[in-house]
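Q: So you can see what is in the structure, the chains are spelled out below.
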Amino acid sequence: GNSVTQMEGPVTLSEEAFLTINCTYTATGYPSLFWYVQYPGEGLQLLLKATKADDKGSNKGFEATYRKETTSFHLEKGSVQVSDSAVYFCALMRSYNTDKLIFGTGTRLQVFP
Amino acid sequence: DVKVTQSSRYLVKRTGEKVFLECVQDMDHENMFWYRQDPGLGLRLIYFSYDVKMKEKGDIPEGYSVSREKKERFSLILESASTNQTSMYLCASSRDSGYNEQFFGPGTRLTVL
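Top to bottom, those sequences are chains A and B.
Quick note: the first sequence, position 105, residue 105 per my numbering, numbers continuous.
Quick note: the second sequence, position 92, residue 92 per my numbering, numbers continuous.
A hint or two may mislead.
[As the list claims (entries may be wrong)] If you anchor each label on the Cβ, the simulated ranges turn out as follows:
| no. | chain 1 | residue 1 | chain 2 | residue 2 | range |
| --- | --- | --- | --- | --- | --- |
| 1 | B | Arg109 | A | Asn2 | 22 to 32 Å |
| 2 | A | Ser79 | B | Glu62 | 39 to 49 Å |
| 3 | A | Phe112 | B | Asp51 | 45 to 55 Å |
| 4 | A | Gly78 | B | Ser80 | 27 to 37 Å |
| 5 | B | Asp38 | A | Glu15 | 26 to 36 Å |
[As the list claims (entries may be wrong)] Calculated from the model, a selection of chain A residues having no Cβ within reach of chain B, i.e. all distances over 12 Å:
| no. | residue |
| --- | --- |
| 6 | Gln6 |
| 7 | Ala17 |
| 8 | Thr20 |
| 9 | Asn22 |
| 10 | Tyr36 |
| 11 | Gln38 |
| 12 | Asp54 |
| 13 | Glu63 |
| 14 | Lys68 |
| 15 | Glu69 |
| 16 | Thr71 |
| 17 | Ser79 |
| 18 | Phe89 |
| 19 | Gly106 |
[Unchecked claim] Calculated pairs, BS3-like style, for lysine-lysine (alpha carbon to alpha carbon, straight line, at most 25 Å):
| no. | chain 1 | residue 1 | chain 2 | residue 2 |
| --- | --- | --- | --- | --- |
| 20 | B | Lys70 | B | Lys53 |
| 21 | B | Lys55 | A | Lys100 |
| 22 | B | Lys13 | A | Lys100 |
| 23 | B | Lys71 | B | Lys55 |
| 24 | B | Lys3 | A | Lys60 |
| 25 | A | Lys100 | A | Lys68 |
Source of the hints: derived by calculation from the structure; they are not laboratory data.
Yeah, the Cβ is synthetic: ideal placement off N, Cα and C, and Gly gets one too.
Bound-form chain A, shown alone (with noise of 0.2 Å):
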């Protein structure tokens, strides 16, 4: 079946370190693939999307390319900040026609000063 899988946290940084939070995916079909961000106390928000092979999905210093040989959307970022502490979720959508997302289980970044 389809599913998604997230290396586990939490994932702790200092400041302006080197981001990396790995996600494969199991799909049938294209998937589109996302990552999504909750601040704490919040609902989750978009942060950036990739809809097929190859796509390069980036928002706010974040980047995760659409790698269909390796099933892989790995988050990445040059320098995180405080304020990226946060949990993100990788997620697919399986078809075009029925908008349902598949989340993986969320990575918790924790970046302190």
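Starting from the structure of chain A, add chain B where the hints point.
A: This is chain B only, laid out in the frame that chain A set:
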């Protein structure tokens, strides 16, 4: 500014009570979703609706029902609350099909005693 609101941030109920969780969106979105979020499990889809009075079961519909009488409002109903329904409940909405972003409410943390 787009908005999804949920009726309560925190709710405490007793086993066997009937519980209503309300969600309202002001974006004229066709699709609405109810998820529950549990540590280590990520978000799991309970029910979704793609039009007024239309609903489909998600991955974990047991013990829940939904109602969508108006386009902007989507209610989640726990007919007889049980302790294993203690969780964070998140509502989301999106425009009609096509890999569209889901917008999330802030969540309702439900505790069933």
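Q: For every hint, state whether the structure bears it out.
A: Now for the hints, and whether the structure bears them out:
1. B:Arg109 - A:Asn2: 22 to 32 Å: Holds: the Cβ-Cβ distance is about 28 Å, inside 22 to 32 Å.
2. A:Ser79 - B:Glu62: 39 to 49 Å: holds, 45 Å
3. A:Phe112 - B:Asp51: 45 to 55 Å: holds, 47 Å
4. A:Gly78 - B:Ser80: 27 to 37 Å: At roughly 51 Å between Cβ atoms, B:Ser80 and A:Gly78 fall outside 27 to 37 Å, so the hint is violated.
5. B:Asp38 - A:Glu15: 26 to 36 Å: Since the Cβ atoms of B:Asp38 and A:Glu15 sit about 31 Å apart, the hinted range of 26 to 36 Å holds.
6. Gln6: Incorrect as stated: the minimum Cβ-Cβ distance to chain B is 8 Å, not above 12 Å.
7. Ala17: About 25 Å separates A:Ala17 from the closest Cβ of chain B, which puts it past 12 Å; holds.
8. Thr20: holds, 19 Å
9. Asn22: holds, 15 Å
10. Tyr36: About 8 Å separates A:Tyr36 from the closest Cβ of chain B, which leaves it inside 12 Å; violated.
11. Gln38: Incorrect as stated: the minimum Cβ-Cβ distance to chain B is 8 Å, not above 12 Å.
12. Asp54: holds, 16 Å
13. Glu63: holds, 18 Å
14. Lys68: At roughly 16 Å from the nearest Cβ of chain B, A:Lys68 sits farther out than 12 Å, so the non-interface label holds.
15. Glu69: holds, 21 Å
16. Thr71: holds, 18 Å
17. Ser79: Nearest chain B Cβ is 26 Å from A:Ser79, so the label holds.
18. Phe89: violated, 6 Å
19. Gly106: violated, 5 Å
20. B:Lys70 - B:Lys53: Holds, at about 8 Å.
21. B:Lys55 - A:Lys100: holds, 13 Å
22. B:Lys13 - A:Lys100: Cα-Cα ~29 Å, so violated.
23. B:Lys71 - B:Lys55: Holds: B:Lys71 and B:Lys55 sit about 12 Å apart, inside 25 Å.
24. B:Lys3 - A:Lys60: OK: B:Lys3 and A:Lys60 at ~21 Å, within 25 Å.
25. A:Lys100 - A:Lys68: holds, 20 Å
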